[in-house]
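**Student:** Sequence:
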Amino acid sequence: MQIVRLQNVEGFIALDFGDARVSAGGTRYAPDVSEREAQLLARAMTYKFAVLGRRTGGAKGAVRGSFDEKTDVMRRYCDEILPMTRSGRFLTGADLGTSYDDFAPLRNPDEPRHVMGTSVNGTPLEDLVTGLGVIAGAEAAIGPLDGLTVAVEGFGKVGGGVAREAVRRGAKVVAVSTIDGVVHDQNGLDVELMLTLRQASGDAFVRDMKSHRPEPKDLFEVPCDVVVPGARTGVITRAIAERLKARWLAPAANVPYTTDGVGVLKQRGIRYLPDFVLNAGAVVGFVCGETTAAGVLKEAERTVSQLISEAAVDPSGPYDGACRMAERFLATWREPDGMPDGPPLA
Numbered sequence: 528m529q530i531v532r533l534q535n536v537e538g539f540i541a542l543d544f545g546d547a548r549v550s551a552g553g554t555r556y557a558p559d560v561s562e563r564e565a566q567l568l569a570r571a572m573t574y575k576f577a578v579l580g581r582r583t584g585g586a587k588g589a590v591r592g593s594f595d596e597k598t599d600v601m602r603r604y605c606d607e608i609l610p611m612t613r614s615g616r617f618l619t620g621a622d623l624g625t626s627y628d629d630f631a632p633l634r635n636p637d638e639p640r641h642v643m644g645t646s647v648n649g650t651p652l653e654d655l656v657t658g659l660g661v662i663a664g665a666e667a668a669i670g671p672l673d674g675l676t677v678a679v680e681g682f683g684k685v686g687g688g689v690a691r692e693a694v695r696r697g698a699k700v701v702a703v704s705t706i707d708g709v710v711h712d713q714n715g716l717d718v719e720l721m722l723t724l725r726q727a728s729g730d731a732f733v734r735d736m737k738s739h740r741p742e743p744k745d746l747f748e749v750p751c752d753v754v755v756p757g758a759r760t761g762v763i764t765r766a767i768a769e770r771l772k773a774r775w776l777a778p779a780a781n782v783p784y785t786t787d788g789v790g791v792l793k794q795r796g797i798r799y800l801p802d803f804v805l806n807a808g809a810v811v812g813f814v815c816g817e818t819t820a821a822g823v824l825k826e827a828e829r830t831v832s833q834l835i836s837e838a839a840v841d842p843s844g845p846y847d848g849a850c851r852m853a854e855r856f857l858a859t860w861r862e863p864d865g866m867p868d869g870p871p872l873a
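Count along the sequence shown from 1, then add 527; that gives the number in our numbering.
A couple of the hints might just be wrong.
Have a look at the derived ranges for each label pair, beta carbon to beta carbon [to be verified]:
no.	residue 1	residue 2	range
1	562	854	33 to 39 angstroms
2	697	594	36 to 42 angstroms
3	562	641	27 to 33 angstroms
4	717	632	37 to 43 angstroms
5	535	674	20 to 26 angstroms
6	744	594	46 to 52 angstroms
7	614	738	49 to 55 angstroms
8	772	731	38 to 44 angstroms
9	825	535	38 to 44 angstroms
10	613	671	44 to 50 angstroms
11	765	714	30 to 36 angstroms
12	614	774	43 to 49 angstroms
13	854	741	38 to 44 angstroms
Straight-line alpha carbon distances no greater than 27 angstroms define the calculated DSS-like cross-link-like pairs of lysine-lysine that follow [stated by the list, open to error]:
no.	residue 1	residue 2
14	793	699
15	793	737
16	744	772
17	825	684
18	772	825
19	699	772
20	684	737
21	793	772
22	597	699
23	684	772
24	699	684
25	684	744
No lab work stands behind these hints: they were computed from the structure.
Glycine included, C-beta positions come from ideal geometry on N, C-alpha and C.
Please model the complete structure; the sequences and the hints are all you need to start from.
**Tutor:** Okay, structure coming up:
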């Protein structure tokens, strides 16, 4: 793992393979993003590219800053990393806190807008395709979601897409969380109403709902069939894994599991799906060659569902199965001493 520290902004780039000809991964913008977080996310990208059969090293950009200065900070960031992107050493795009348009300085102004930079009914395609992939992959592992109950951590653009797709497939969304707390109704929440409220009030919309509880982590104690971790890295700790009342974990976020947490999940028989497969929809969209939103969505659903189905037959479970799939591919282009020293676990 190599860390490239930046000069023009408070930030850094984590390259999982410092010797890779091409490395890629999104850039995260937050006031508290850490080097360790970036390293974990770069490792997740390595495994994501590997299960997709891409000879690309994982990477992750990390920029610290407040959101009122983001436009200027991201411009300076793009100016500094431009030589790296032109050489292929670090290809990047949107992640937590950033959007497709933040990276306009890295693109040729004469290039047509990539389909992944478009929106569908006001929702960026890159967020929509991630949410679709999460639910399609969960259905490939679990079976039909009709009648099942789902709790979603984080109700931003991806979380909203996850919730909407879950409902479309017949599931009930019984809980959602934001940084302002949790709302829970075992009979099912009105997802479209919450999306409207979120547009008006942001994360604080949960405070105005009658079932509001102020602690976001209470989401993990909601009785349900499926929990969708959708926030930062390492949320499924030993303590959280011991409190879970779900049968399945289907992450939208990268690296939600800790090593200790996984141990508890195995002991309790809770099935946990591979984050780096479920949330691969946006990468599929960028590399698949489709030129329409409908084509991207169809290909992302097909790819993620197929990979989860293959991983799920592993005797150790779908997460370990997906790790083995990734590592088999990595061994086709990495020397033994250049392989990752372990899967993406916090």
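**Student:** So which of those numbered hints doesn't the model satisfy?
**Tutor:** 1, 5, 6, 8, 15, 18, 22
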